[in-house]
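Peer 1: Build out the structure end to end from the sequences listed, making use of the hints.
So the sequences go chain by chain: A and B.
First residue of the first sequence? That's 1 in this note's numbering, and the numbers climb one at a time after it.
First residue of the second sequence? That's 233 in this note's numbering, and the numbers climb one at a time after it.
Since the hints were made in silico from the structure, they are not lab data.
Beta carbons: idealized from backbone N, C-alpha and C, even for Gly.
One or more hints might be untrue.
As the list claims (entries may be wrong) - The calculated label-pair distances, taken between Cβ atoms and stated as ranges, are: (1) 57/A - 576/B: 44 to 52 Å; (2) 587/B - 68/A: 38 to 46 Å; (3) 519/B - 102/A: 22 to 30 Å; (4) 654/B - 210/A: 46 to 54 Å; (5) 170/A - 522/B: 20 to 28 Å; (6) 517/B - 43/A: 31 to 39 Å; (7) 587/B - 57/A: 40 to 48 Å.
What follows is each chain in one-letter form.
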Amino acid sequence: MRLLIIEDDREAAAYLVKAFREAGHAVDHAGDGLDGYALAREGDYDVLIVDRMLPKLDGLSLVRSLREQEIATPVLILSALGQVDDRVKGLRAGGDDYLPKPYAFSELLARTEVLARRRTAATGQSEATAYRVGDLELDRLSHRVTRAGREIVLQPREFRLLEYLMRHAGQVVTRTMLLEHVWDYHFDPQTNVIDVHVSRLRAKIDRGFEHPMIHTVRGAGYVIRADEPQAS
Amino acid sequence: MSPAASPPPDGLIARLGKIFRTTAFKLSLAYLVLFAVLASLGLGYVAWNARRVLDDQIVSTIDAEINGLSEQYTAGGLRRLIAVVERRAGEPGASLYLVTTPAGEHIVGNVSRLPADILARSGQYESYYGRGSDADPSEHRAILRVFNLAGGFRLVVGRDTEERDRLRAAIGNTFGSSLALVVLLGVLGGWFVASRVLKRVDDMTETTRTIMAGDLDGRLRVGSAGDELDRLAQNLNLMLERIGELMRGMREVSDNIAHDLKTPLTRLRNRADEALRNAETPEALRAAMEGVIEDSDGLIRVFNALLTIARLEAGNAPESVSRFDAGAVAREVAELYEPLAEDRGLSLTVQIEPDLSLDGNRELVGQAIANLLDNAIKYGACASASGPQEITVSARRADGVVQLRVADRGPGIPEAERERVLDRFVRLDAARTRPGFGLGLSLVAAVARLHGGSLDLADNAPGLAVTLSLPAGAA
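Peer 2: Now the structure itself:
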């Protein structure tokens, strides 16, 4: 995917550009708000990563201006600002996701990839009513889950957890992303609460099957995938 | 110039200038002017009144004389009048008499000269006059009344005003000298007050300057008078005390942070170091790197928690305040932690009253409950395996507050330690071996404060019961 990083801190920007390129993405960089705005308007990017504090044009104004121009490119806002409300303000300005500094790169990468996928999905059709990953099927309307034709009974929360994983099949989702989207809380769970929920889900989905589908990505999160990953 | 010439009076001028600019001096000057004006008005009124009384007295004396003379005139005509006037004029006193011909020539009386125009018309005048022999050139003042008699003769009756004028002069003198005294005393008093106050304010300025220069232990001198300046000095001292306290607190917190972050950072460094030296295979290296990343994530988490606490303690009420059901939040978070509790062999019971709405930040309240549950799961296991292994999450309304309570059956916290565990980085000995940084309860306490609520740690006999009380939303 094509990314635009708008960040005035040279070192942080250089690190992000390098890390995203290593993850296989095309990255452009702008050092201030006005340059970033110009690039974002002209370039065809999948995701914009915007720092909140930027010279010349601050991050929130930039996003607001883009939205006024009806440019719907997903925006992830990075912020070192210290207010409890920052997240809400960022989303209100038209951001699609929000990550406070300091953050782990794996978290940023996972969120960026999800945003990019959301964009390609949105340009296609409206959200699917059923997901299929390998022999695992989830019907959002009847709330039925089957694997290889065998029905799996899930608790409502387990269903939503699986739904979120399958919507982002093949993509890494982090623990905080799961807490945000499945439980609708944005704090940092201190112990491995999410892990326990995932392992319960995993027990129901993968037990008795040769290939596990829910994989743990160390230092990042989880991914659901039909096949064993190719060695790379 | 003589070598003994006094030094240039710059210092004195500067000092005077400073006094003139002081509030005390300006105030006393204003009072001085006001007082002088009032004194002038009062004394002026007295003088004016005295003069009026005296004039009235003179006029009534003249009236009495005239009555007497007019009786004589009626009874015995001009001749008798002249005789009476002659007799009276000979007596010593302030009374004046004169009878003239129609041409104004002197017939009888003790007035020798009069301004010519006075005799032309009858009426009352205040005028100069000459007395006795023409040789006496001295002129006196008098109030005179002129009458036309039959045949053009004129009668003048009057009274000398010398007495009155002396009294007026005396009043005037008193007036002037007392005003001068008022001004003099006012200036001296103003000067005295201003320089006294100025001296104390200068002292305070001097002390605060040394304090600002870094001597934070310095204090202002407080006098025994208990006046405004003493109170000001007292308050400034209290303020300095408070600032000192905050500074010490801050230093303590940053010392703690430095100390408590050194441990995980050292661990992180050692792990990387060891991987670099000993990892033989790419797999081992990879595992080590993953461990390093995990440790770093832990550190990031600590920083985030610290930042959140600092923000909450800064006390800016978040804008994202909404009305939500605290019971629902408690239920959701309990459900989030339930599998974890179960894995640790703890049963989690939830008792929640309906409709526990409150105005606040749902995220923060959720996080607070999560922290309490996290602690309960970490430390709340009953020591004896046969004991009750349960955690109770309850939410209820009581006296306008919503009480969110998490109770466990673990070892609890000794009463003496309950206050201390709310501080940042405080971990009781029993907890030292478990993962964590001692920030969980600090954050809960900060959330309670931000919402205007309270946090209470109590004995659950056995175990710990933590109650987060938040003001309930108005119905």
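Peer 1: If a hint holds in the structure, say so; if it doesn't, say that too.
Peer 2: We went through each hint and held it up to the structure:
no., hint, in the structure
1, 57/A - 576/B: 44 to 52 Å, "holds, 51 Å"
2, 587/B - 68/A: 38 to 46 Å, "holds, 41 Å"
3, 519/B - 102/A: 22 to 30 Å, "holds, 24 Å"
4, 654/B - 210/A: 46 to 54 Å, "holds, 52 Å"
5, 170/A - 522/B: 20 to 28 Å, "holds, 21 Å"
6, 517/B - 43/A: 31 to 39 Å, "holds, 38 Å"
7, 587/B - 57/A: 40 to 48 Å, "holds, 46 Å"
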